[in-house]
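Given next are the chains, with one letter for each unit.
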Amino acid sequence: MEMTQTTPAQASRPQSGARIGRNLTNLVFILPSVLLSLTIIGYPIFEVMRMAVSDVNRFGKIRGFEGLGNFLKVFQDPIFIQSSYQTLIWTVAVVGGTVLIAIPVAIILNEDFHGRSIARTIVLLPWAVSLAMTALVWRFVVNGDFGTLNLALTQLGLPFNNHPWLATAASAFTIEILVGILVSIPFTVTIFLGGLTSIPVTLYEAAAMDGATRWQSLTRITLPMLRPFLQIAIVLNVIYVFNSFPIIWIMTNGGPANGTDILITYVYKQAFAFGKLDVAAAASVLMFLVLLGFSVLYLFMTRQRGAAGQ
Amino acid sequence: MSSIAIRNLTKSYGSVQVLHGIDLDIADEEFVVLVGPSGCGKSTLLRMIAGLEDITAGDLHIDGTRMNDVSPQKRDLAMVFQSYALYPHMTVAENMAFSLSLRGKQKSAIEREVGDAARILHLEDYLDRLPKSLSGGQRQRVAMGRAIVRHPKAFLFDEPLSNLDAKLRTHMRAEIKQLHQSLGATSVYVTHDQIEAMTLADRIVVMNAGRVEQVGTPLELFDRPRTRFVAGFIGAPAMNFFEGKVELNEQGKPHTHIGPSPVALPEGMESQAGAIVTVGLRPQHIPVSAASTDGNARVELVEQTGCETNLLLKLAGIDFTVQTRDRLEVNAGDAVNLEFDSRNMHVFDSNSGQRLN
Amino acid sequence: MTRKAKRSALCWLGLSPLLIVVLFPYATMLSTALKRKDEIFQFETTWLPDSLYFGNFIELFANRGFGRALLNSLYISFGATLVSLAVALPAAYALSRLRVPGKGTFRTYLLVTQLISPIVLIVGLFRLFAYLGMINDLNALVFAHSAFYMAFAVWMLQSYFDTIPKDLEEAAWMDGASRLKSFRRVFLPLCLPGIAVTSLFTFVNSWNEYAMSLTILREGSLQTAPVKIAFLTGTLYETEWNIIMAATLVATVPVAIVFASIQSYLIRGLSLGGVK
Amino acid sequence: MPKRNIRGLWAGILVAAGAATLAASVPQAALAKDTVRVRFAEYSTKTGPFFKDLAAQFNASQDEIEVVVEHLPWPEMQQQLITDISAGTAPDISHMATRWMAGFAVDGALAPIDDLMSEGFAETFVPTFLDLQKIDGQTWGLPIAASARGMFYNKKLLEQAGVDVPTTWEETLEAAKKISALNDEVYGIGVQGSGLDTEGYWFYSLWTHGGDITDENGRSGFASPAAVAATQNYIDLIEAGVTQPGVLGSNREDLQNLFTAGKLGIVLSGPWLNAQLAEEAPDLEYGIAEIPVATDRATYGVTDTISILADSEVKDSAMKVLEFFFNDENRLAFGKNEGFVPVLKSMANEPYFTEDPNMAVFLDMSPVAKFAPLVPQWEEMAESLKSALAKSYSGDEDPAAALTSAADKMNALLDE
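Residue numbers (UniProt numbering), protein chains in the order written: chain Z, 1 to 310; chain P, 1 to 357; chain C, 1 to 276; chain H, 1 to 416.
The reader is advised that the hints may include incorrect statements.
Derived pair list, reagent style DMTMM-like, types lysine to aspartate or glutamate, alpha-carbon separation capped at 25 Å [unchecked claim]:
#1 Lys6/C - Asp112/Z
#2 Lys155/H - Glu44/C
#3 Lys315/H - Asp34/H
#4 Lys6/C - Glu53/P
#5 Lys61/Z - Glu313/H
#6 Lys315/H - Glu64/H
#7 Lys156/H - Glu39/C
#8 Lys132/P - Glu205/Z
#9 Lys74/P - Asp112/Z
Since the hints were made in silico from the structure, they are not lab data. Bear in mind that the values here come from a model prediction, so they are computed numbers and not experimental data.
Pulled out of the complex, with its shape left as it was, chain Z reads as follows (with noise of 0.2 Å):
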């Protein structure tokens, strides 16, 4: 996402008239992109912004104008606020865990060791199932008196016989934190490793004459010559995790209590439960706006921390 820079040569040459003109025609290699996107994501978000300032029944039918009207009836709602709550901790957990685990996970796939491959294999193996198929399995695995977890658990002599992972918020939302961070981890490890391999031998090398010790130096050079992996890796999977559903709506429906609700199982039962497609779309913006926040604050800091750098 850095802007690539322009090379001298090229900012110094005149802006003739037919080099304008080239400039427009050179936005044919971005039309199709943006054509693409516009109808298919466009439409839709105009059709949410739209819902959002409308009363709207729940067919999508608009039967009046209503301004700022459904947002306050989001801010007013106690879950709305509770679920805001749960998405940040969701999100902050996930990515966080995603994060610290995928780092030392990534250096390890980084050694030249036996099975490499095949150990890479499996830790990408998640990616190969679709949320809704992992989630759904987990939740036979985790089932209290059936699931292999207590099965297994049992077997190793742990007092787990029938014990109900799903029973209580915490616990359910530990499990599906755990799942998420499980699903995240291959995405964001193959990341890492494609930073690990951009970094040259050499320095390692330099390092250890420099007596730096095997710590010293995965502190020291491997952490922050990934810092802009570890950037881009923050950036999405804030903006995934944030919005991922299926984990949370196979699992445990938001519950108990709502304790495992978050914004978009929040905003989903509004829409297509309760038939308030108006409130869910006013929720939807709000989650946008909240994401953009971030990209742009994020985007915007690590930038400057950047500039700072030179």
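Chain Z is already provided as a structure; the job is to place chains P, C and H on it using the hints.
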């Protein structure tokens, strides 16, 4: 500062042996240059000294201590890499201070050391810059500085100047030499450039195909190359060679032929009549004079360097290069006369390549 | 060699917690998929079925149309990968190489398209395709997926393109190749690893996508694999775990094989691209 | 010169895209006869094939109407229907939960069928069930499935514990205690705390304690003294440790699975469980009795609805299809297939329902069946009720307080 002793050092990758029993002693404060064509194993040897490559067999001693299984972190050597290997996320000062801060040195001490090094290397104005904003020469200096601040037991250089342009290379070469003179540090320097080797080294180690061909001072190597390989590798333009059969004249003096003309060979050669030898003559050691019409050699190409003139000649089907400081008025196609002086000849056994005189 | 063996042991040891957690559901799937329906909910649960039973897999393909669902998924994933590449390649090329007015705006726009979950947009999306008469049309999914996954493809490709020296193309121009020809003959072959990785990302995302496929494809014979599996859970009073686990296992295998065969390529493509 | 080539590239993309779109939008061949699209959700794996078969029979029987059957999983049904109606792509006939019907009818998505039904057709239904499909005097659909709920008990466990089949909640608690004491992995009674129909499980207790969902003034009955007592009844079971562990994590299916595996002494459930048990646990000895009583006999009557959509252009034909589906023979087959109670008067005397003790109990309880109210915002009310129940069962909140906030929410929604 320290001495380095290498005994019968061997390196294999699987079944492929790349170093075949290297023996070498490097004295304290000595500047030793490893030189040889690419693939000769000189970088591998350096990296084995550094600890970056495992030693397959043999021993490496630094200051009398066996170092084979000591990790590079603990060998207390500094290395300047061909790519400089500067840490891109650290400033110049941080790069130089890195090793000291790893050792937990006091901040004031680090600053002093870095400041000193920066002054020696003229880097004071760049301390807060990141490597990517430096020129090649500046980066090279930072890499040097990173080594200097540590006061290591020895400096290892892995072709440090090969990424610089010619002028800068000459300049940095001089700086390295001066630095060595002022610091007196034991240095091992790898290069494929024989000029660098000649100008920098106290002693040069010429390597070929995983073996040491000869160890000696620059002038020893130039004057008495022990093998045909060394003779051909050291000196520019490269030495001229021609092959011939040893014959003895009535006085029992050895000679051979270039084409029809007899050429006297040096006396006291360990060679019998009938042996096939390779005779080497440096381009500077073949006097040349313009001939009227029937000189014994024909000019193929004239190269002017300003100070010297290089002539590429053909004599009885053999190519010769001759260098002269005289301003000869010759052009391609002209005939010239060459003289072969047996005192300047290097004679090698054509089979073994060993020196015979 | 022994050193590498020691390192290998350490690496596997370090990875083992994660590997166990990743493989655990697969063990569960395998165990359950090989059981008869009446073996799943018994007083004592066990890992091993009473006897190996492959009937669930047969049922899946013979009676539940899962083979057809896999083909539909393949069609959509391939189609989406092709279309998104077709639009992302020129866009990424322009971002990397050409002067285009509004580059920054375009980048922001791409980011914005990623900020909204398709679930939120489902009503609008459905209305759109209904208007276009593309409900129950696999191609609708091809376009929908390519629209949503295109932004990531543009980012990946652009950062990859940035690493390819401009000299190479300029050399081709000097050799007399037109811009298009140098793009095709010099540039494209060079960025093949990047394109391969980008394709894989798009393919996997499309292969796993659920909400849009569910909404737009109503007819049983048009469903994709993830939707088909969800439908197996969908009866009101019971979930057919034995069939679901078999289906999930089957849906994993093709992707896993692709991963295994190209993973080194995948990481090489990424590292050269340096997603920045 | 590069310009031309760029244009070429662009044209190529356009052509490719255009071809794809063209291929996609070839219109369906116009049909001479009416096509009636019917959408079903599946109760069991038998549902889909059953209706496919029925449609084939219907299509073979006449030439004017072509029935096309689609089926969807229940969890996705509501979202799909809303999406379809909003885009105008809804089928002509759709299956739905009766509790969604009110909202759909109020927002104009359904067609009233009073004038479409042929003479005498409405009279073939058991009045209770057809009345449930009426709002403001108009009929918005037909009761496609009806069930009452009863108490399933594991005969062997009761025998081992030495208890009789309980008839009151007090006896139930005692029995459950003894069953739980048998074995660590055996639980006295199942209480549902999550998922679909959690509120239904609570209604059993509510109605048998004399409470109701709405009071005589049409306000919420969620916080009445009877409702609090009904909740306390379940809390007592949970606190006595006689329920399955993790009530809040157990959905309807989890309880059924526990009962199937022989781990549960008592569970409250519907007739479909018979069919499931026959298939998955043929050796399990169980009986079905009435729901335990505190003050009143009661059961939960639930119907699902099949309606004609307002946008349908072939409503008359659609009605003909429905009447075919609801003829005596087809209804009986469906009822037997899925294990639902009769919705047609003609079925009530079938030996299948009267002689099988496992079906008869549901029929016996039909007169005391109570129903969820038909209000548009029912789903949202149920959701807040579920949340209040979860807080009460977990002990996080006092039941009276939790129920009061659910009642407030319901009242607010009633006022909307």
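Does the alpha-carbon distance linking Lys155/H and Glu44/C stay inside the 25 Å limit? Roughly 19 Å separates the two Cα atoms, so the pair holds.
Given hint Asp34/H paired with Lys315/H - CA-CA distance at most 25 Å: holds (10 Å)
Are the Cα positions of Lys74/P and Asp112/Z separated by 25 Å at most? holds (23 Å)
Sort out whether Glu53/P lies within 25 Å of Lys6/C, counting only the CA atoms. It holds: about 18 Å lies between the C-alpha atoms, which stays within 25 Å.
Is Lys61/Z close enough to Glu313/H, meaning Cα to Cα at most 25 Å? Roughly 20 Å separates the two Cα atoms, so the pair holds.
Within 25 Å, alpha carbon to alpha carbon, are Lys156/H and Glu39/C? Since the Cα atoms of Lys156/H and Glu39/C sit roughly 20 Å apart, the hinted pair holds (cutoff 25 Å).
Lys315/H and Glu64/H were given as a pair; does the straight-line alpha-carbon distance stay at or below 25 Å? holds (13 Å)
Satisfaction of hint between Glu205/Z and Lys132/P, Cα-Cα up to 25 Å: Holds: Lys132/P and Glu205/Z sit about 19 Å apart, inside 25 Å.
Next pair to validate is Lys6/C with Asp112/Z; report whether the Cα-Cα distance is within 25 Å. holds (11 Å)
Against the hints set out earlier in the document, no violation occurs for any number.
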